[in-house]
Each structure stands twice: as C-alpha cells, then as structure tokens.
Amino acid sequence: MRNLLSLLKLQINSQYGISYAGYVIRNDRKALLKACGLGAIIALALGNMLWVYTRLMRNLFSIALTMPVPSAPRLILTLAAISAGLVVLFLGIFYILSSLFLAKDTEFLASLPINQGTVFISKFLLVLLGEYPFVFFLMLPPVIIYGTGTNQGVLYYVLAIICALLLPLLPLVISAILSLLLMNVVARSRRRDLITIVGSLILVVVYYIGQNYLLSRMPENREEFYLTLFQSSNAIVDFLGRIFPPSVWITKVLTSGGTEAFVNFVYLILSSAVFLLIAYYLASFIYMKGAVAQLEIQRGNRKVKLSYKSSSHAMAIFRIEWLILLRTPIYALNSLIIIIMAPLVMMMPIMGGNFANDPELQVIYNMLGSSENRLEVTLILAAIVTGLCMINPAVSTTFSREGKNIWLLKNIPVSPETQVRGKLMAGYSISLIAVITASLMAMIAFKMHVTTILKVVVLSSLALIPICTVGLIIDLLRPKLNWSNPQEAIKQNMNAVLGMLLGFVFIFVLGVISYLLIGAGLGEYMILGIITGLLAISSFVSVKVMYSMARKAYRKIEA
Amino acid sequence: MRLMLSIRNVSKTYSKGKVKAVDNISLEVRPGEIFGFLGPNGAGKTTTIKMITGILPIDSGTITVNGYDVEKEPIQAKMSMGYVPDSHDLYDRLKGIEYLNFIADVYNVPADERKKRIDKYLEMFEIKDAAGDPIKSYSHGMKQKLIITGALLHQPPLWILDEPLTGLDPKSSHLLKEEMHQHCARGNTVFFSTHILEVAERLCDRVGIINKGKIIAVGTIEELRKSEDASLESIFLSLTGEGDVIHA
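Protein chains in written order, with the numbering used here: chain V, 1 to 559; chain W, 1001 to 1248.
No lab work stands behind these hints: they were computed from the structure.
All clues given are correct.
For lysine-lysine, the following DSSO-like pairs were computed, each having C-alpha atoms within a straight-line distance of at most 27 Å:
(1) Lys1072(W) with Lys404(V)
(2) Lys1116(W) with Lys309(V)
(3) Lys404(V) with Lys30(V)
Listing some non-contacts, in silico: residues in chain V with all C-beta distances to chain W over 12 Å:
(4) Leu10
(5) Val345
(6) Gln492
(7) Tyr515
Using N, Cα and C, we set each Cβ at its ideal position, and we do this for glycine too.
With the sequences and hints as input, model every part of the structure.
Below is the structure:
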C-alpha cells in the first residue's frame, strides 16, 4: 500500500506538474500571470459550453415534466450517466493504452522492486483521476436540475457525488482488461506499433458492435414492448441502460429511495470492485510483459532497398509529420483514429440493427430529406461534423510533439513561414479526412441527399481552416516541449484543450449568426453564401496572422 | 579577410537575466581552420554553439556565419553550416534513410548528388545496413553517426560539432577526426567543442577557452604555451581556475 501511494504521488506530481507549478509561483510572476490569463480564457470557453449543455438538459427536464409518466424527469440523469460512461469508455481505451503501455516511464517502473499489479493500479488510478473532469462536467448540471426541480435533500447530493466518483470505474476497468489482453498479443508480434493501432481499432469497433447489438435487440412482441416502454419510465431507463448498465443503477440510487436504491448502490460498488480485482490479478501476471515489449525494437535482418526521393521544403515537413504521427501509436490513436472512430461510434446504432427500420427513424429520415428543413439540417450537421473533427489535437500540439527534437526545426534553413505551412497542411489534412468520413457516415445513417452532404463538406472544411490555424498559433506561442512521455505532449497538453474550446466558441458564434440570418428571412443560398464568405474571410485572416507571427514566435522557442 | 565565423560582444542570460550564461564574448574563426572550443562543464560552450546555429536567440551582440548575420539572414547562415549537437535527440520513429532524405530536402541537396553523398557517409561510418531501420533501434553511437552524415550532406562551409567524440568507438572517432581534416582540406572550416584536451591539442589549428561565460584565452596551442609554458591541460586548469585572460 505504501508503494502504491508513493508511486501515485510521484505520478500525480509529474503528470500535473505540481512541484513545477510551485516553483513558477515562487520565481516567475510573469509566467504565473500568463497561466492565470490562460485559465480565464479556458474558464470562459468552458462556461460557454456548460451554458449550452445546461440549457439542453433543462429543456429535456421541462419536456419530461409534461409527460404522462410521473418519474420521467429522472431520465436526464440516465442520459447524462450514459453520455459520461460512453465518453469515458471511448476515450478511456486510448488513454489506458497510452498510459499503461506506451508511456516512456515503463523502463524506470520495471526496474523498481514493486509488484507489477501495484504499478498497474497506480497508473489506472492516474487515468481515473484524469476522467473526473469529464464526468463531473456531464453529471453536475442534470444532478442539480433534477435535485432543485424535485426538492431533493442533502443525501441526494452526497449520493450523487459518490455515484459520479464510481461512474468511470467500470468502463475504465473494462478498457484496462481489454488493453491488457490486446497488449499481450502485441508483445508476441513483430510489428508492434502497427498491431497496437489496428488492435485498438478492432477493440473499439467490436465493443461498440456488441453494445449496439444489445441495444437494438427487440422483443418478439414489439407492440407490447412499446406500450410498456411508454407507460413506465423504469422501462425506458432499463431500455436505455442497456448501453451502459451503471447509468440505470445510478439513476435508481438517486431517484428510487429505500431498498431499490440500496440494492442498486450495492450493484454499482460490487461490479466495480469485482472487475477491478480481476484486472488487478490479471495485471499481476501479464502487465509488465505487454509494457516492456514496447521497449524492445527488432532491427531488420534483411537488406532493404533505400529510397532517395526528394521533395519541396513544405512537403518534406508535411511528410515527416504524417510519418511520425502514423508510426507513434499514442499520436495515431489520439488524433487520426479518434476522429474517424468518433462519428462511427455515434452513428453505429442508426446504421445497423433493428433501429434503422424503426418508424421513428423513418420520420427523421423524411424530415432530413425534405426541402423545408434543408438549410437548418445542413448548418446543424456541418456544426456537428466540425465539432467532431475539432477533437483532433494534431495541429494544436504540433510543436509540443517535437519535444527535444525542436533543435532540428530551429536549425534547418527553412523559413518559419514554410515550416508552419507544412505543419498546418499535415494537421488540416487529418481533419479533412475526418470531415469526409463523418459526412459519408451521416449520409448513410440518415439517408441524406448528396447535395446536402456536399454543402456540409464544404462548410466544415472551410470552418476547420481557422480552427486549425488558431490551434497551431496557440501551440506555436506556448509549446510544451519539456516532456518525458509522448502522452504528455498530446493528451495532457492544455493547448489541445484551448484549441478545442476556442473552436467551440467559433462554431457557437457562427450558429448565432446563422440563427439571426434565418430569423431575418433570407433565402437559403444567400445565407449559405454569407456563412461561406465569413468562413473564407476567417480562414484568410487566421492564416495571415499565423504567417506574421511565425518568425517572432520561432525565435522565442527555446530548445 | 572574410571570416567564416564572427562573434562580436555576444551575451546570453537565463532565468530573466539572473544567470549570465555567455558574457560579452567575441571570437573570430577563419576559413580553412579547425577551431577547438574548450571549457569546463557549464562554461557556456553549448549555449554559444546554440546561438551560432540559430537554436537560441541572442540577447545582445552579433554573430555572422560565412558573412551572413544569423539573426537577420538566418536561412543563408544556416545553409552555410552543418550542426552536430551534443544530444542525440532525433525522430525515433523515422528510418535512418527517411531522416537523411528530409535533411537533403531542406538543405537543397541536388537529386543527382544525394544518393552519392548519403551512400558515401553511410558506408564510411558502416551504418548503411541499418539505414532502413527505425532510428529508435539505433545505439547512441549509430545516432551520432547518422547526425554527422546529415550534417555533411550539403557540404557546409562551416561544420559545427558539440562534443562530437562522446559515444563513438575508437574506429569511428578516428574516422571522424579524419573527416574533420578532410573537410578543412577542401577549404571549409570546423568549429567544435570538446572536453578531451589531447584531441584539441592534436587536431586544432587554434583553440578558444571559455569559462563562466567569458572567453579567457584564444590562440594556437603554441601561442598559449608561450604565455603559460606548460601542457594544454595545465594551461586549461590554470586558466579555468584563475579566470585570467590570455591574449595570444
């Protein structure tokens, strides 16, 4: 236990830079002020997101209050718990893989006289800690809305906090068990990086297919099923809970009271504890084998034909960016794979199973296909697709990922303007791939017209230019170069969060402008023209600003 | 006479001016010479080299390489030099040949010369068979050889090396020293930092000694000997202990 606490303390300190922050507070007032300013910008952008989310939840709660089923309002808790659980599960697999197996401290940890199960648990707890901001962000508004709306007492809030703390445990443990098994297969293979990337992809797809199968499996007598579903909120909660069972237990702990709440609380704790124990024992035997295998590099024993192909300066930088991204599992998983998988995971329930034939979905298909709502559908879908692609941290961490190699970029005879162009092209091309795949998936899932999808592709591709450029500028101005683990450069980098939040604010502003234009009664093509024009101007201005800042910012970067 | 490297009144401070890493130094290196830059740990050697190569900004003063100001004409200045750093931080996930192609691209090495030069150095340092492997699989010495190969691809007029012999086996050390001589024989210049005084003594046309951020001696070994009448080691120890400046 003492070992676990020491290890955890060390890792928390290293990951969150606590000692370093203390040093900065004492010695560098300017850096402290900068950090405060950055914190204020993040708080503002987060506040914007929280406001939108809270409004959405409050509207859902109001609608639920008007429903004939008295306990329908509690559905917002189920939905929030499902969302939080899915976010943890989806991001968790990549986070767990990166932290447990692809981190650079593996060699150091393997040399310590500490049981591998303890090392595993300390890393697991570190990842768990990192998931809480997401969980609390998603859970807090519905918990407060339901609590104040139904006059709940102190016990409700205490239980809500405990449930929020327990919520990410089960999805993370499942991710960890799957990762442990995957990495042991990887340890036996020659091309470990490739197998890690492909294996984790398969893992996510198989998991979500299984989940969708459970969700879309309908009883024989459908009419009776729908009747029960709409007569009792329990049935709806149970039905939705198939996606993520702890969401049902949490809803019942918080809203049922008495024995039912207690039994569900026991379910929540017991299931988490049992799975954690399984993971611990599994890790005690196989964790280090999978982790240490990542350190072993097998050199080719055959003569390879060398290629001497040449390219332009910007293309050389573009190529290097892509090669490194594709060959570093942490980078590939957290940028390229994540943005291609996110829309797939979201749209899978609609694309397959019995859901696709549901009468309710047919209504949605008709609505999306009708010419009446075409503009709104295009704009909303473009915003969603852009939002999904925005989670790509490839551009907003492009300099941070250089780490100690930054000396090379500073030393080569290529102007900073050309270098940022190469880097922007590389990061943007990833986002572009995501725009096309997400739009195609939307077209298949919602049976949308090809012209609508083309408009979505154009709008999203344009919107991503200023978003990517601003992300690059952020990382150019404050690159995180001092890291010992590539995960710190991409996953624990505030620049990625900041870029995403500013992107969200940009989409929000465009949304407000679109709303006002529609309200003013302008025609579809006029509105689309204005929005496209605004996006083109933002793109032009942001790229110009990036070029004008590049030289000065490059000079300041100290390796 | 045109200088290959000129450092004039250059200073550099860290920690918001609290630590003076390089303190108003001036130095001149002529074409065709091998110049050794000596000094104890933390004397300011690497900081000076990083300023010459454009990696660190200069707080005050000017540095010119082959007549180009490194701050005002950075591209031309960088084109005139090849740099081998003391650390071996490289893109681990790239293959050796991919790194060299990248370097050849950015230094505009002509397509017809590229293969010839890459092969020449890869064969010389006996790493051609490993060129198709990821850099991650290279040993410390192999990475050093790869960086040296990259630095020589564009045949730079000024070759800068920071502690180049660290981590090299005796054969590779010998080859590197030979190549430094050859490079100068072709009319180019070599500027390198080292701790190994015997190497400096045998290899350098002139040396400069830096201590606590200040240049305390510049000249040929013979000139320094005249003023101190001792071996380079005792000159070095005496100078870095006392901090007096010798004008040779």
